[in-house]
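Novice: Listed below are the residues making up each chain.
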Amino acid sequence: MVKNRVGDEAILKGEEITLSFGGISALMGVNFSVKKGEVFSIIGPNGAGKSSLYNVINGFYHPQRGRVIFKGQEITHMKPYEIARLGIARSFQNIELFKHMSVLENMMLGRHIHIKYGLFSSMLYFGPGRKEEVIHRKRVEDIIDFLEIEHIRKKQVGTLSYGLQKRVEMARALCLEPEILLLDEPMAGMNLEETEDMCRFIVDVNTEWGMTVLLIEHDMGVVMDMSDRLMVLDFGESIAEGTPEEVQKNEKVATAYLGDSDGVFLGR
Amino acid sequence: MAYFSADNGGDMAADTFPKLLMERALQYGQKKTALREKDLGIWQSFSWQVYLEKVKYFSLGLVSIGFQHGDKIAVIGDNKPEWIIAELAAQSACGYGVGIYQDSILKEIAHIINHSESKFVIAEDQEQVDKILDMMDDLPNIKKIIYYDPKGMSKYEDEILAHFPDIMALGREYEKDHPHLFERNVEKTEENDIAWICTTSGTTGLPKLAMLTHKNLISMASNLGKFDPKYESDDIVSFLPLPWVGEQMIAVASGLLFGMTVNFPESAESAQSDLREIGPHVMFSPPRVWENLCASVQVKVMDASWLKRLVFNAALPIGDKWSDYKFAKKQPPFFFKIIYYLAYYAVFKALKDRLGFTNIRSATTGGAALGPDTFKFFHALGISLKQIYGQTEIAGISCVHRDNDINPDTMGEPIPETEMKISETGEILSRSPAVFAGYYKQPEETAKTVIDGWLHSGDAGYLTPEGHIVVIDRIKDVMSLIDGVKFSPQFIENKLKFSPYIKEAVTIGHNRDFIIAMISIDFGIVGNWAERHRINFTTYTDLSSKPEVIDLIQAEAEKINKGLPENARIRRFVLLYKELDADDDELTRTGKVRRHYVEEKYSEIIEGMYAGLDSIKIDAVIKFQDGKTSTIHTVMAVRKV
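Chains as they are written, first to last, in the working numbering: chain A, 638 to 905; chain B, 5 to 645.
If we strip away everything but chain A, and leave its shape as in the complex, we get:
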């Protein structure tokens, strides 16, 4: 293992985040802190507020109360594209790709925040614009190589299998070269082999590229294996935060999350 993979400083912090839609409270005073370089998972039953929390972090929703702090800077009320530019990228639970475009085009789009040339130079494909395009394409190719999707580089995204689309979505998120990657159920609906591949990619992104990963996942085996720390959400409240061992031992989690105190599911 790379030494000191996980830093001491908190790269992302949530303070008392409260979000409600009309009378329904989605998040109630959620606190968390993610350290630089760690794999941090968020688990909880359906409707616990996991995806809502992601939406708050990357600026789709703005909480009524509380703050989100990224590297010491408050981002609570920023727009999604501003947050993406700061270095937070995400993939979605339901795939959100441009289905009629190729994998390559989808990924090049992911580079847009790094692209500096203007309309004219891109239309002419000449001069600095051309040079830049080559640099971006190189970066995209590195990611294609990393995620082993060479064979579908030029395929239309809509024609790909579900498992591959998930992988392409992660690829596009990586194209942003973010500091934090938010993954929303990356293994959902995958077979054993695809799940194992995906785990390997996440571990590699984390250890080789030093990227901080936030993970929402229902596969407890995956979560307990890969996470440095995790947080349990229940009806909009954070009921536990700690290492997998700590959380597994937590009585409150077993009761709330599983409806009884056996904790069989968490016990792997």
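Keep in mind the hints are simulated off the structure, nothing from the lab.
Just so you know, these numbers come straight off a predicted model, no measurement behind them.
Every residue, glycine too, gets a C-beta built ideally from N, C-alpha and C.
Take these hints with a grain of salt, some might be off.
Pairs of lysine-lysine residues, derived as DSS-like cross-links and limited to a Cα-Cα distance of at most 27 angstroms, are as follows [what the hints assert, rightly or not]:
no.	chain 1	residue 1	chain 2	residue 2
1	A	Lys791	B	Lys155
2	A	Lys775	B	Lys155
3	B	Lys159	A	Lys775
4	B	Lys312	B	Lys353
5	B	Lys312	A	Lys791
6	B	Lys192	B	Lys180
7	B	Lys353	B	Lys304
8	B	Lys353	B	Lys330
9	B	Lys304	A	Lys791
10	A	Lys791	B	Lys353
11	B	Lys605	B	Lys582
12	B	Lys159	B	Lys147
13	B	Lys159	A	Lys672
14	A	Lys708	A	Lys753
15	B	Lys304	A	Lys736
16	B	Lys155	A	Lys792
17	B	Lys425	B	Lys480
18	B	Lys135	B	Lys596
19	B	Lys304	B	Lys550
20	B	Lys490	B	Lys563
21	A	Lys673	B	Lys155
22	A	Lys886	A	Lys650
23	B	Lys452	B	Lys111
24	A	Lys792	B	Lys312
25	B	Lys356	A	Lys792
26	B	Lys605	B	Lys490
27	B	Lys425	B	Lys230
28	B	Lys304	A	Lys792
29	A	Lys768	A	Lys791
30	A	Lys792	B	Lys353
31	B	Lys230	B	Lys330
32	B	Lys304	B	Lys356
33	B	Lys627	B	Lys582
34	A	Lys791	B	Lys356
35	B	Lys155	A	Lys672
36	B	Lys159	A	Lys673
Heads up, incomplete: computed chain A residues facing chain B, CB under 7 angstroms, no partners named [stated by the list, open to error]:
no.	residue
37	Glu778
38	Asp782
39	His788
40	Asp841
Place chain B on chain A using the hints.
Specialist: For chain B alone, kept in the frame of chain A given last:
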């Protein structure tokens, strides 16, 4: 275009691969591409000069970490330049090595490494490194594991691991203290030294290690070149496993001898499209590849619009007739030529391009028998597919079709310097400078295979009056029904397998009343067919038990029976509940059926079929790759044909 053959080009000074490499580097230097690899979406080229330098520094690097004369390396990984560089580097240090199929089970990998006493393992990536590391306790000889794809490797701290470029850097340093060592080592290599070990697929038990000398491989490549010429301007795509003797003889031996450019695809999955981008001039593949290409065309046609289907179906019979003329060595009538060229420009030319065969000049198949119908299909497209016959023990080749003498039922005629005869028992024997040096540390096996210089193939066959070799089957596989009618199960199986719906078939009937077949369907194609006919299915097992699917295969079997002699037709068949798999020991790594094992494993089904049952109940345990098991309960229907 300079023509290179061993007669004029190689004046036999370069009688080993390292010497050949130095000669080519001197001849072409920076001017000509030796290797090309698709990496990050771009074809990266290496000249002969760079190729030599890489081999040189890797070779010296190996020497610097303790590689001595006669030492061995084991290479496991995808086709990449590093694979061949490692091979030549070991040879340049007066050693040799062995290639291991990546999908081999761990027991086989350990056996090959231990039996060959390999000290260094060249493993492609994390996946392969993990396999070796997991078995370290059983692999006492290993000194270093060298990987060439660093992805995922940064978290490993094991002392035994090294990165390929680091070893090359060591070699560069080593050269400063030991100048000209590489050149002196190369000078020491001799034609009768072992160049490489090829594992034989061994249809029973663990693989045997066949030692091939430089002379074996070079004489074979040069003699094959006389019948099937290759030029320095040729491109080849190396996508078949390099441990296979066929890939060694084309990508390594012929590549070096004729100075061809060897191209490596980006990944196994993208090989098909990479092949199309290169448009190779020379291609040698086992029947499975040709069959898959043919099946993929058939499937695409099924999915095409009605107009395209119409045009294709109109053109194909014209192509078939064209091949018939060619096989009969007759000139087609003038008006038919016009019709064929119409069909060619309307359909075949585009199809050839899609398959990546626009430039193909030398297309050959070998390793097993190819169904005559597949053969015909490629000739219809205007691809002059030729059969190659040979064993690993004779460096892969003893016979090939000559360009204007192609007969899909034969294996062609012996290449120069090769004698062939049929023994009293009907076995094919051959003798040539390419007959191997023996099995590694198994002299008793060698003595059984090579007697008085004649290689005993184990194949039953005969010579035609034109001097062509015809292979019937493995001697032990030629069977007779109880009434004495002889038949070749492989022949029937190949006919069955030409149906796009059938992936694998095993026929049985030795000392029985009639012939039966166990068929496994092609999940992809039959699944596609079922979807279009609105048949719901879940798993492979479920799909193969659908009455509609069984009807479909029955129709195929009836069609095939028409082409078989009356007394040797398939009488009954079942669809197997699973695909035959090399992991279950049912197939060899090169995809040949392990007949006796399969017969034993499915004996219950076979007995049921002969007992005249209409259906057979199965409770079987299936093992997955990760060691998990699950049980299958199903009822298989027996159909009469």
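Novice: Please list, smallest to largest, the hint numbers that this structure does not respect.
Specialist: Every hint satisfied by this model.
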